[in-house]
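2 protein chains.
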Amino acid sequence: MKVAKFGGSSLASAAQIKRVFDIVRSDSKRKFIVVSAPGKRSSADTKVTDRLISYYQAYQKNNLSEIKIQQDWIIARYQNIYEDLGLTSKILEEITANIKNLTDLALDSPFTYDAFLAAGENNNAKLIADYFTANGLPSRYVHPADAGIRVSSDPGNARLLSGAYEQIKYLNELDETLIIPGFFGMTLDDEVCTFSRGGSDITGSIIAAGVKAELYENFTDVNGIYSAHPGIIKNPTPIAELTYREMRELAYAGFSVLHDEALVPAYRAHVPLVIKNTNNPEHPGTRIVVQRQTKGKPVVGIASSSEFSSLYLSKYLMNREVGFGRKVLSVLENLGVRFEHMPTGIDDMSIIIRSRYLTQPVAKAVIANLTESLHPDELYIERDFSIITLVGEDMKEHVGVTARASAALSEAGISIAMLSQGSSEVSVMFVVKSKDEEKALQAIYPVFFE
Amino acid sequence: MKVAKFGGSSLASAAQIKRVFDIVRSDSKRKFIVVSAPGKRSSADTKVTDRLISYYQAYQKNNLSEIKIQQDWIIARYQNIYEDLGLTSKILEEITANIKNLTDLALDSPFTYDAFLAAGENNNAKLIADYFTANGLPSRYVHPADAGIRVSSDPGNARLLSGAYEQIKYLNELDETLIIPGFFGMTLDDEVCTFSRGGSDITGSIIAAGVKAELYENFTDVNGIYSAHPGIIKNPTPIAELTYREMRELAYAGFSVLHDEALVPAYRAHVPLVIKNTNNPEHPGTRIVVQRQTKGKPVVGIASSSEFSSLYLSKYLMNREVGFGRKVLSVLENLGVRFEHMPTGIDDMSIIIRSRYLTQPVAKAVIANLTESLHPDELYIERDFSIITLVGEDMKEHVGVTARASAALSEAGISIAMLSQGSSEVSVMFVVKSKDEEKALQAIYPVFFE
Chain A
901 MKVAKFGGSS
911 LASAAQIKRV
921 FDIVRSDSKR
931 KFIVVSAPGK
941 RSSADTKVTD
951 RLISYYQAYQ
961 KNNLSEIKIQ
971 QDWIIARYQN
981 IYEDLGLTSK
991 ILEEITANIK
1001 NLTDLALDSP
1011 FTYDAFLAAG
1021 ENNNAKLIAD
1031 YFTANGLPSR
1041 YVHPADAGIR
1051 VSSDPGNARL
1061 LSGAYEQIKY
1071 LNELDETLII
1081 PGFFGMTLDD
1091 EVCTFSRGGS
1101 DITGSIIAAG
1111 VKAELYENFT
1121 DVNGIYSAHP
1131 GIIKNPTPIA
1141 ELTYREMREL
1151 AYAGFSVLHD
1161 EALVPAYRAH
1171 VPLVIKNTNN
1181 PEHPGTRIVV
1191 QRQTKGKPVV
1201 GIASSSEFSS
1211 LYLSKYLMNR
1221 EVGFGRKVLS
1231 VLENLGVRFE
1241 HMPTGIDDMS
1251 IIIRSRYLTQ
1261 PVAKAVIANL
1271 TESLHPDELY
1281 IERDFSIITL
1291 VGEDMKEHVG
1301 VTARASAALS
1311 EAGISIAMLS
1321 QGSSEVSVMF
1331 VVKSKDEEKA
1341 LQAIYPVFFE
Chain B
901 MKVAKFGGSS
911 LASAAQIKRV
921 FDIVRSDSKR
931 KFIVVSAPGK
941 RSSADTKVTD
951 RLISYYQAYQ
961 KNNLSEIKIQ
971 QDWIIARYQN
981 IYEDLGLTSK
991 ILEEITANIK
1001 NLTDLALDSP
1011 FTYDAFLAAG
1021 ENNNAKLIAD
1031 YFTANGLPSR
1041 YVHPADAGIR
1051 VSSDPGNARL
1061 LSGAYEQIKY
1071 LNELDETLII
1081 PGFFGMTLDD
1091 EVCTFSRGGS
1101 DITGSIIAAG
1111 VKAELYENFT
1121 DVNGIYSAHP
1131 GIIKNPTPIA
1141 ELTYREMREL
1151 AYAGFSVLHD
1161 EALVPAYRAH
1171 VPLVIKNTNN
1181 PEHPGTRIVV
1191 QRQTKGKPVV
1201 GIASSSEFSS
1211 LYLSKYLMNR
1221 EVGFGRKVLS
1231 VLENLGVRFE
1241 HMPTGIDDMS
1251 IIIRSRYLTQ
1261 PVAKAVIANL
1271 TESLHPDELY
1281 IERDFSIITL
1291 VGEDMKEHVG
1301 VTARASAALS
1311 EAGISIAMLS
1321 QGSSEVSVMF
1331 VVKSKDEEKA
1341 LQAIYPVFFE
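From first to last, the protein sequence lines stand for chains A and B. Counted from 1, the first sequence has number 1234 at position 334 by our numbering; the numbering is strictly sequential. Counted from 1, the second sequence has number 1324 at position 424 by our numbering; the numbering is strictly sequential.
Note that these hints are calculated values from the structure, not bench results. Among the hints, erroneous ones may be present.
If several chains are the same, the list does not tell them apart, and a pair holds so long as it fits within one copy or across any two.
[To be verified] Derived BS3-like pairs: lysine-lysine, alpha-carbon spacing no greater than 25 angstroms straight-line:
(1) K961 to K918
(2) K1227 to K1215
(3) K1195 to K1227
(4) K1215 to K1195
(5) K1296 to K1195
(6) K940 to K918
(7) K902 to K1333
(8) K918 to K1215
(9) K1333 to K1197
(10) K1215 to K1112
(11) K1215 to K902
(12) K902 to K1227
(13) K1264 to K961
(14) K1296 to K1215
(15) K1000 to K1112
(16) K1296 to K1335
(17) K1296 to K918
(18) K1333 to K1264
(19) K1069 to K990
These numbers come from a predicted model, not from an experiment.
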C-alpha cells in the first residue's frame, strides 16, 4: 500500500481535486491520502491557512466585522470548491458550522491558535472524502485522533508520542480509501496541536511509517528535485533518485522542497519516498531512498545558502590548551548560538554561524565572553558569507571532486574563504563571500552536470 | 645586541668550539651566548646528555662499577675537548669534581635527575667561557641563577616565573661576552630544574626576550629550514624568511627544526630569530619574523605528519541537537583525548586525533561513552592517516592554492580523506591515508616550488 500526500496547490480548486481523484483512482494501492488545506490558485491568491491566521487575529482583537469578513471568505472558498465539484451533500453545512464555531474556543488556551489553523486541512479532508465517495471511490475521512496521531502538548511544534505507531498501523484494517488531514495531531487531552509549518509532509511521513507503506508519494507542483536552483542555473538537470542522506544535506544546504523534519519517520521506517507533480503525474519524479541503486555521477546536487558569519579566533599555542575547542563551543551554547562548522588551523579556528544567531548584542556578548575566558590573540566576526554545498554519496569513489570544484572557483576568480570536506564525503562545503554566491554556483555547476 | 645559541653538534669538539669562537668574535653584537652540552661528533657517537642519563641510572641502582665507567667517559669527553683547545686553566679540575660530586645529591629529591642532566650544559659553558677569555675575548660564565632564570618547580618541565624578565634584563649591564648554559633554570629554592628536552632553545629565547635582543641567532648544523623534508623531496628549496606563525604551523605539522615552545618568549617580545649553520656561517639561513617583508610565493613550506586517526560520527538530524559538538568534545576531554581538527558535515563529523591518544582501552571507552551519551547512527575509528599541511601567510591573496594542490593529488590518484581550510588561510590541511603520504608530498611539492 502507498501513502499519497497532496500539497495545498494540488488541492486549491475543484479542477485540482479532480486531478487528485484521477491520480488516486488510477492506482488501487493509493489507500492513505494525506491532504493539505486549499492553497493558492494563482500567485495573487491567498492560502486558506493564511486567512485562518487573519481570522484568529480578528478573534483575538474581538473585531467583529473583521471576524465576519474572514469567516465569509473562508467559507466562500470551500463553497466554491464544493459547487465546482458538483457536490450536493450536507458537508458544506458542516464546514460552515465548523468555521463559524471556531470562535467558541477559549482565547486563553494555548491550543486555540492551532485549532484555527488546523481547520484548513480538516475541512478540506472532509470535502475530499465526500467527493471521492460520490464519484465511486469509497472513502472515509479519518480525524487524526482516530488515525492514532497522538502528539506532545507543544503548540505549533508537536512531536509524535512514542507508541503512536502501534495505533496508526490499525489503519491498514479499514477497507476504504482513507482521507487524513495533514499538519496536526491530537494531544492525550484531545487538544488539536499542529506540527511546525509545512507539517502536512510530517503527517504523510508518520502515516507511511505507521502503516509500513511500500511507498510515500509526496505530490506537489514540481516534477521533482533539480540538481541546482533553477533561478540561478538555467534548466538544471532533474534528479531521478537520491538518498535520504543526500536529500537531507541538500535541504539543509538550501534546497526548499521538502520539510526537513518530514523525512525522519519515513527514513527511520525505511519507506522510500517519491516527489511527484500533481499536474504531471506521468513524470517519474524524484525518488528518495535509503540506498541508491543508480550509480555514476559523483555529485547529485549543488545547493547554496547565504546569511552566514564567521567567528575567527587565534591564539599562539592554542593547540596546547586542552579543552580549548570545547570551551569556545560552551561559550556559544550558553549564549544560545548554534554553530554550523568549525574548521581549525593549528593556532586558529573559524566557526561558521548563521548570521541570524549573531545579532549585534549577541555578537558583543560572544566577543566579550570569549575574550574574558580564553584571552585570544585575535578575535573577530566577519559577515556576509554563503555556503556552496556539493552533495553526493558516491563522492568518496570519485577522487577529485574537490579539485575540480575548487579549480572552477579559482578560474572564475572566486576566493574560497573556507573549505571543509569531512571523512564521510557525502558533501563538500565551500564558503565564499555572498557577493560571489551565484557566480560560484554557475562556475561549479557545469563541471559536474554538463 | 644579539643572543646566539649553539646546539650540541656545534659544540661537540674543540674544532667545533673554535668555529663557534670565530663566529662570536666576528660580530661584536654577539654578547649573549647560550650553549648546549657537547653533542655527537659523528653519527656513531653518544651525546654527553645521554651519558649523564646512564650515569644517573647507575647511581640509582648503586652500581659502583657502572658509575665509574660513566663518570670516566664523561670526564674524558671534557678532557678531550679541553686538551684539543689547548687550555691550561684549572677548569678541568672543576669539571671533574663537579661530575664526580653529582653522587652527593640525594636520590629521593625530585630535582636530582635534572641536576645530572644540566651538568652537561653547565660544564660546557664554563669550559667555553675559559677558552674564549684565553683567546682574547673577555667572557664570563653566568649560571642561570645569576642570569635571573627563575623557574617553576616542575622537574623536566620548568616554566619561567613571571617577573623573571625584570632580572634578566640586567645582563645588559655586564661588559663581557656572557656564556650561559642552556636547558635549565633555578627554582626559588635554588634547585636545578630543566626545561623539556631540547630546552636550550628555550633558554636562548628567554634571554633574547629578557635583554630585548635585536636578534636571536639559533646556530645548528643545517643551513636553515627547507620548504619540505629533504628525505622525501630531493633538494627542496631553502626558506629565506618566514613568520613565527608559519614556523609554528610547520613545526606542528611535522618539521622538526626548532623546539616548539622555544619560539614563544622571542615571539611575544617581537625579537626576530634566525636559524643558521655553525659550519656555514656565511649562509644567511632562515629568518623567523613577526611580519614577513618578502612577498610572493603563496606556500612557504609543506609539512607532513603521520599517526593520525579519525573518529567518525553520524546521526540523522544531529545538527538540530544544540550542544552536540560540545558534548562530543567533552567526552574526549574527560578521557584525556586531545583533538586536532573537527571537520563537520551536516549530520556527521570527523574528529582527527593523534593515534597515540587512542590506545585500545581509550578507544573502547570513547566509543562506549559516545554511544551512551549521544546515540549516534554510526560511530567508528579509522586509523593510519597522515596530514599534509601547506603553510603560507600569503595564501589568502592567492586564489587557488587548494585547487592546485587537490588537482595534483587527484592526478596522482590519491584520495583526499579530509580537507580543511580555515578562514585564516595560513594553512590548508589534507588528510590522506598514510600509505599515500610520501606520494602526496611529491605530487604537491612541484606545483608550488618548481
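Here's how the hints hold up against the structure:
no.	hint	verdict
1	K961 to K918	neither (38 angstroms within a copy, 97 angstroms between copies)
2	K1227 to K1215	both (14 angstroms within a copy, 23 angstroms between copies)
3	K1195 to K1227	neither (42 angstroms within a copy, 36 angstroms between copies)
4	K1215 to K1195	between (45 angstroms within a copy, 24 angstroms between copies)
5	K1296 to K1195	within (12 angstroms within a copy, 37 angstroms between copies)
6	K940 to K918	within (16 angstroms within a copy, 93 angstroms between copies)
7	K902 to K1333	neither (44 angstroms within a copy, 45 angstroms between copies)
8	K918 to K1215	neither (66 angstroms within a copy, 41 angstroms between copies)
9	K1333 to K1197	between (28 angstroms within a copy, 24 angstroms between copies)
10	K1215 to K1112	between (54 angstroms within a copy, 23 angstroms between copies)
11	K1215 to K902	neither (57 angstroms within a copy, 27 angstroms between copies)
12	K902 to K1227	neither (49 angstroms within a copy, 40 angstroms between copies)
13	K1264 to K961	neither (38 angstroms within a copy, 61 angstroms between copies)
14	K1296 to K1215	between (34 angstroms within a copy, 19 angstroms between copies)
15	K1000 to K1112	neither (37 angstroms within a copy, 85 angstroms between copies)
16	K1296 to K1335	between (30 angstroms within a copy, 17 angstroms between copies)
17	K1296 to K918	neither (46 angstroms within a copy, 59 angstroms between copies)
18	K1333 to K1264	within (22 angstroms within a copy, 42 angstroms between copies)
19	K1069 to K990	neither (31 angstroms within a copy, 99 angstroms between copies)
In this structure, the earlier hints numbered 1, 3, 7, 8, 11, 12, 13, 15, 17 and 19 are contradicted, and the remaining ones agree with it.
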